[in-house]
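Starting from the structure of chain A, add chain B where the hints point.
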Amino acid sequence: TQLLEQSPQFLSIQEGENLTVYCNSSSVFSSLQWYRQEPGEGPVLLVTVVTGGEVKKLKRLTFQFGDARKDSSLHITAAQPGDTGLYLCAGRGYQKVTFGTGTKLQVIP
Amino acid sequence: DTGVSQDPRHKITKRGQNVTFRCDPISEHNRLYWYRQTLGQGPEFLTYFQNEAQLEKSRLLSDRFSAERPKGSFSTLEIQRTEQGDSAMYLCASSGGFLNEQFFGPGTRLTVL
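From first to last, the protein sequence lines are chains A and B. Quick note: the first sequence, position 98, residue 98 per this note's numbering, numbers continuous. Quick note: the second sequence, position 85, residue 1085 per this note's numbering, numbers continuous.
Because the hints were derived from the structure by calculation, they are not lab data. Values in this document were obtained by computation on a predicted structure and should not be read as measured data. Any given hint might turn out to be false.
27 Å max Cα-Cα, derived BS3-like pairs, lysine-lysine [claimed, not checked]: (1) A:K70 to A:K96; (2) A:K57 to A:K70; (3) B:K1057 to A:K70; (4) B:K1011 to A:K104; (5) B:K1071 to B:K1057; (6) A:K96 to B:K1014; (7) B:K1057 to A:K96; (8) A:K59 to A:K70; (9) B:K1071 to B:K1014; (10) A:K57 to A:K96; (11) A:K57 to A:K104; (12) A:K104 to A:K70.
With the rest of the complex left out, here is chain A (with noise of 0.2 Å):
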C-alpha cells in the first residue's frame, strides 16, 4: 500500500511570512500533483511534477519534486490570506493515485 504523509498537517502563519509543507513517501511516484481545496468546494489542481528533481514555479509557490520521485515540497513566499486552505499532494503510481493527508494552512491578515 503506497502512503503519503504530509507535513505539518495544521499551520497558521501571519500575511507576509515563508512557509514549506512536505509531501513523503517510502514509495516511487511516476508523477506528483498538487492541489489547493477551499471549504465546501473540491480540489484544484495547481501543478504536477514528473522527473526526479524537478522545480516549477507559479507565482509565489515553488514545488520540488524529490530526486528519487519519492517525496515533494511546496513553498510558498510572503503567503497571503488568499493562499488559506487545504493543500494535497497526490502521488501517481501503476494505474493508482494516492493523496496525502492534507495541510491546513490558515494565513491571518
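Leaving out everything else, chain B in the frame of chain A:
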C-alpha cells in the same frame, strides 16, 4: 466552462433512504473516479472507471454503494439504506491524456440525519 460537474451540490436525507449522485466529466476524458472526503482529510478512493468499465473498487465501497457509467460519459453513485457514517463530501474526478492529471468537480455534500 467544460469542467467536471456534479449534481446535487448538497443532499440532506434521513437514515435508511437511498440517494443517487451524478457526475459529468470533462468530455474528452476516458477515466472517471469517485472519492469520499471527510472534514480536513484527504480524499479516499472509492472506485474508478475507464470508459464504461469499472476497473477498481475500494474495500471502503460496501454492498450498499454502487456506481455506474453506462455509456462511458456521465456516472452515478448510489448509496442504499444510508447510515449516519455515510455523511461526507463525495468527489468525482476525471482524467485523460499522457499525464492523466485528475480534475475534480465541486463535490456533493451528503448529510444523513
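Outcome of the hint check:
Note on A:K70 and A:K96: the hinted pairing holds, with a Cα-Cα distance of about 15 Å set against a maximum of 27 Å. Annotation: proposed proximity of A:K57 to A:K70 holds, straight-line Cα distance about 19 Å (limit 27 Å). Taking the CA atoms of B:K1057 and A:K70, the gap is about 25 Å. The hint holds against a cut of 27 Å. Restraint check: the Cα-Cα separation between B:K1011 and A:K104 comes to about 25 Å, which is no more than 27 Å; the hinted pair holds.
Between B:K1071 and B:K1057 the alpha-carbon distance is near 19 Å, which keeps this suggested pair within the 27 Å criterion. Taking the CA atoms of A:K96 and B:K1014, the gap is near 34 Å; set against the 27 Å cutoff, the hint is violated. Our distance criterion of 27 Å between C-alpha atoms is met by B:K1057 and A:K96, whose separation comes to about 11 Å. Straight-line distance between C-alpha atoms of A:K59 and A:K70 comes to about 25 Å, which keeps the hinted pair within the 27 Å bound.
Taking the CA atoms of B:K1071 and B:K1014, the gap is about 31 Å. The hint is violated against a cut of 27 Å. Distance check on the hinted pair: A:K57 and A:K96 sit about 26 Å apart at the alpha-carbon level, within 27 Å; holds. Distance check on the hinted pair: A:K57 and A:K104 sit about 21 Å apart at the alpha-carbon level, within 27 Å; holds. For the hint linking A:K104 to A:K70, the alpha-carbon distance of about 22 Å falls within 27 Å, and the restraint holds.
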